[in-house]
Amino acid sequence: MENTSELAQINISRLLAPLDSDRLAGFVAALESVNAAAEAADGYRGRLQDQDGDATAIRVFEDDWLIVNMSVWRDPRSLSAYVYSPLHREVLSRRREWFARPVEAMTALWWVPAGHRPDVAEAQARLIALREHGPTPEAFTLRHTFPAPAPAER
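Under the working numbering, the letters of the sequence shown match residues 1 to 154, in that order.
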């Protein structure tokens, strides 16, 4: 049976310094390999990109200090396998060097129709929903997932 839904995710982080600063040089240097690993991962469907092939120039929540990552995956298992892969974990272990400690939810997941690629406005709305209501089928986390919606009966 063909999947009718895919899993979208948004992850935002507050920068501690400008992207072109020495402090963020390690993060910027890792972007290409981290993105390439995602693209090669089983279950990867696509990601938000700007003209340079990443999303560093895309603003979220009208805040120049927030950086956004959005991607679409087959399911929570495939996203989780990538998130906890050795390369991503290595970069993730350095996040306190580059990003402020979050004080609210910075990551949200939600189901989208297969082939749909959400825009930033849609993703922001899902993150706000998670912040306001906690995990629900509208927006959830890897720790508290919800099943994909059942296919519409024909």
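No lab work stands behind these hints: they were computed from the structure.
In this text, all values refer to a predicted model and were calculated from it rather than measured experimentally.
Errors might be hidden in some of the hints.
Label pairs and their computed distance ranges (CB to CB) [to be verified]:
{"no.": "1", "residue 1": "A150", "residue 2": "D64", "range": "35 to 45 Å"}
{"no.": "2", "residue 1": "S21", "residue 2": "T136", "range": "32 to 42 Å"}
{"no.": "3", "residue 1": "E97", "residue 2": "T4", "range": "16 to 26 Å"}
Cβ atoms here follow ideal geometry from the backbone N, Cα and C, with glycine treated the same way.
Verification of the supplied hints:
A hinted range of 35 to 45 Å for the beta carbons of A150 and D64 is consistent with their spacing of about 41 Å. Between S21 and T136 the beta carbon distance is about 38 Å. The supplied range of 32 to 42 Å therefore holds. Take E97 and T4: their Cβ atoms lie about 41 Å apart, and the range 16 to 26 Å is violated.
Violated hint for the displayed structure: number 3, the only one.
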